[in-house]
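K.L.:
Line by line, the protein sequences give chains A and B.
Numbered according to our numbering, the first sequence terminates at residue 463, and the numbering increases by one at each position without gaps.
Numbered according to our numbering, the second sequence terminates at residue 528, and the numbering increases by one at each position without gaps.
Check the hints yourself; a few may be wrong.
Chain B is faced by these chain A residues, among others (derived, beta-carbon under 7 Å) [unchecked claim]:
| no. | residue |
| --- | --- |
| 1 | VAL70 |
| 2 | ILE81 |
| 3 | LYS95 |
| 4 | SER130 |
| 5 | PRO177 |
| 6 | LEU376 |
| 7 | LEU379 |
| 8 | PHE383 |
| 9 | TYR438 |
Hints in this document: simulated from the structure, not taken from any laboratory.
All C-beta atoms in this analysis are idealised placements derived from N, C-alpha and C, irrespective of residue type, glycine included.
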Amino acid sequence: MDQVVLARSLFGTTMAFHIIFATIGVGLPLMILIVEVLFQFTGDSDYALMAKRWTRGFAVLLGVAIPSGTIAGVQLSLLWPQFMKVVGKVIALPFQIEIFAFLLEALFMSIYVYAADRLSRGMRILSVVLVAFGAVMSAILITNVHAFEGTPTGFRIVGGEIVDIRPWKAFFNPSFAVSAGHVAVSAYMTGAFVIASLAAFKMLRRGLSDKHYAFHRKALMVGLVVGGLFSVLTALNGHASAQHLYDEQPEKLAAAEGLFVTQDHAPLTIGGFTDKETHEVKYGIEIPWALSFLANNRFDTVVKGLNEWPEDEWPPLFIHTLFNAMVGVGMLLLLMSIVGFWWHRLLKKQTFPRWMVWSFFVSGPLSMLGIEFGWIFSCTGRQPWILYRVMRTSEAVTHTGNLGTLFLLFTGVYLLLAISVVVVLRAYFKRHPLGDELGGSGDVNGEEEGLHV
Amino acid sequence: MSDELIAVSLLWLFVFVYAMAASIDFGAGFWSLIYLYRKENNMTQIANRYLSPSWEVTNVFIVLVVIGTVSFFPGATAVLGTVLLWPFSIGLLLLTLRSAFLVFSHAAEKKYARALSVISGATGVFLPMLLILVLPITYGGMIGTTDGRDQLLWGSLLSSASTYAYLAFAGLSTLFLSSLLLADYSHVSEDWRAYQVYRKDAIWLGPFAFLAAIFVIVTMARDAPWMYDNLQNNKGWILSSGVLYVLGYLALFTPRKAGSPAAGRPRLAVVATVFQYLLAATGYGEAHLPYIVYPSVTIQSGFTDESTFHALFVSYLVGFVVLTPGFWLFWRMFMRDKKYLRQK
Ligand code: HDD
Ligand code: HEM
Ligand code: HEM
């Protein structure tokens, strides 16, 4: 196979794997912080127990998040040496500052997990705050590099040489703020729905005692409320991201919408598949004028179609489907949290019908799919560029051979880890069931018996 | 000092910190495996008590080394990234298995915990050996260029005596350093049985690690004469390193103090030995200059942009100042707090 395709597959697989754990790594600390604070305010020890159990799960997940991130970081230099040459000269700052975010998170994570019993209440909350801050900063800073790939600024290339380098200008490239915001709020949204999902999973078990049901329902509500809030923010900010594409990477927007002909009063096409031959979206639903309005708040906005560019600069056309799927996930989850909230808080029902619990159960995986769709859309939609209009992906790739073998090796290890992490977590929580801890001694900070992660 | 020199010194410092921390980390995993099946001891707990909170922090340093290289010397990245693709990919796979199974083994049931520890301990000792291959590879003569494309000459790498000298040096140093540190750690924890065992390990490993270092220098004379010559001019570093080695080694044999049930002053031994490696690394590093990869990349030709360097430098200053209290708290909680160290 083609070297570029192999390298892309290898790197894409690494990222698709890392992102699962990384997103939870951003979202979960916020949830832990929220229940720690709820515990301080309500005195309800259920919340303290949630914090404790989620932290244990988190500690295990870090065992995959950190090494897979290390792979991502090193692979970037191994697979795209020419790209990293530019990165080193121009956009090294976010990578560098990210190290401090990692350190912050690693130091305080250990302190929170292993020294919880020796910390004062205030110090414990401060530790979680710093863990959560470190995690979201890692995400924001790495997204900075991604944003730079889409809108490279702060340098010029003259005769193959990189000149006029202004590192802070590169850092504050035009799409940084909006991308980083989108990544952060979508990660919080996903962390919350993952919690809602786990709670729903427990609530599906029949014959649960009232006490247990109430515990899981509290967790579910925290997940739904936080998730709902952040889905609103994700949608609003997603809209801003799309408007940025209109300004900065118009061919990506055109491909995302399956628009071929430049026009004003452009229609928005939902669903369907883009056909390269006939230049149309098949089986989609058209909403007249909507795209023009979404792109720039006016119906007479002219939106550029793909025909403006030579075909070898088109992004792959399937990103239309990915884009729709991401937005669809966002809308569905928003709806779900509204329904859950309305049922429990406004109708004051204490139990949920099973179909509703089932739908909450799928919210976590759905949200994670949204993340995957969004990233693949964003990275693949930038093709054929690794640095938009500056460097092609094919110019950046390594020449070292046998990437196919490496692809198989890495994929094998990811599979192995994915399976083992599920097995280990299940076994761990089976050995430490909720029943043992609920309403027990109340010694929630006690010895972290059995877990030295 | 020129900017290039500051940058390479900083990078060298990161490499050194990682080398020390990782040797201890990987070694501790290995010892926790070796003593897993011996009854009635808490050798394994001692190793794990050290490992549990520290592996994440250690891991950040390898990322720091990679990012440091890319951002200070982007010109070296292209060559190194290309030739190291295979060795480092294997290293990454081992590192991943090792970290993940280390964590899993603590959360899993006893009967699986053992199998998981075996995987994480065994993969750990191979890692330093893989990573150290960078050193012979940058000697020169192991990177071929066809049509302007660099590639690693595996034949030269595998047939060179230096390669094996480095492999031995990495493996033995890892075990030596970690047994020393664990001796100190169990000393502070007042676990005298564990202390005796780790002290004995350090005592027999020390001379072998030392011999391996000499083997590295001897093979260098043939495989990298340019560097050997430079090293001759930097004899002072190497000799004083040797003196510290003897000093640290002897510290393991000081007579028992009143009140302490065992001989030796492990804290002194650890400090002397770390400085021994620091001096040797400084001499080595200086002899390597100005080359990063001999003969194609020097610190000048590979250097990043001036303005980027200045911005990075400021971010380092600010970053480390901001993080200092965190490190201090970490140290207090896990390396000094008797309540943590002496738990059963
Ligand atoms: C649960 C996840 C999730 C959800 C529900 C949404 N997004 Fe999103 N989206 C992401 C997760 C995500 C992401 C994974 O975080 C991406 C990938 C790159 C990025 O910056 O964020 C992304 C990228 C991304 C981009 C591309 C930015 C670029 O390539 O530079 C656009 C235009 C949108 N999103 C727009 C939306 C809209 C209009 C949404 C309406 C609800 C939406 N997203 C929901
Ligand atoms: C913010 C961090 C990210 C950065 C800096 C980044 C950067 C890159 C780079 C340099 C490439 C290779 C060159 C290229 O194809 O243009 C790439 C490709 C890719 N990335 Fe990202 N990426 C990031 C996040 C992600 C995430 C989270 C995913 C998750 C699915 C992802 C999915 C992919 C895929 C699938 C490819 C190969 C796609 C293709 O080339 O068509 N990326 N990315
Ligand atoms: C938007 C996508 C990404 C998000 C949200 C994200 C977030 C995270 C988080 C939360 C961690 C755990 C940090 C810790 O606990 O120490 C992590 C680890 C890591 N990530 Fe990612 N990451 C993303 C993409 C990337 C990419 C593209 C790279 C490679 C350039 C990368 C490199 C790393 C590294 C090297 C680590 C390990 C740090 C350590 O050793 O502690 N990440 N990431």
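K.L.:
With reference to the structure, classify each hint as holding or not holding.
P.N.:
Hints versus structure:
For the restraint placing VAL70(A) at the interface with chain B, the shortest Cβ-Cβ distance is roughly 5 Å, inside the 7 Å limit, so the hint holds. Among the interface hints, the one on ILE81(A) holds; its C-beta lies about 5 Å from the nearest C-beta in chain B, closer than the 7 Å criterion. Residue-level restraint check for LYS95(A) holds (minimum Cβ-Cβ distance to chain B is 5 Å; threshold 7 Å). Checking SER130(A) against chain B by beta carbon gives a least distance of about 12 Å; that is not within 7 Å, so the hint is violated.
The beta carbon of PRO177(A) is positioned within 7 Å of a beta carbon in chain B (closest approach about 4 Å), and the interface hint is therefore held. Because the closest C-beta pair between LEU376(A) and chain B is about 26 Å apart, greater than 7 Å, the hint is violated. The closest approach between the C-beta of LEU379(A) and any C-beta of chain B is roughly 24 Å, which is over the 7 Å cut-off, so the hint fails. A distance limit of 7 Å between C-beta atoms decides the matter here; for PHE383(A) the minimum to chain B is near 26 Å, and the interface restraint is violated.
Against a cut-off of 7 Å between C-beta atoms, the interface hint on TYR438(A) holds, since the closest Cβ of chain B lies about 5 Å away.
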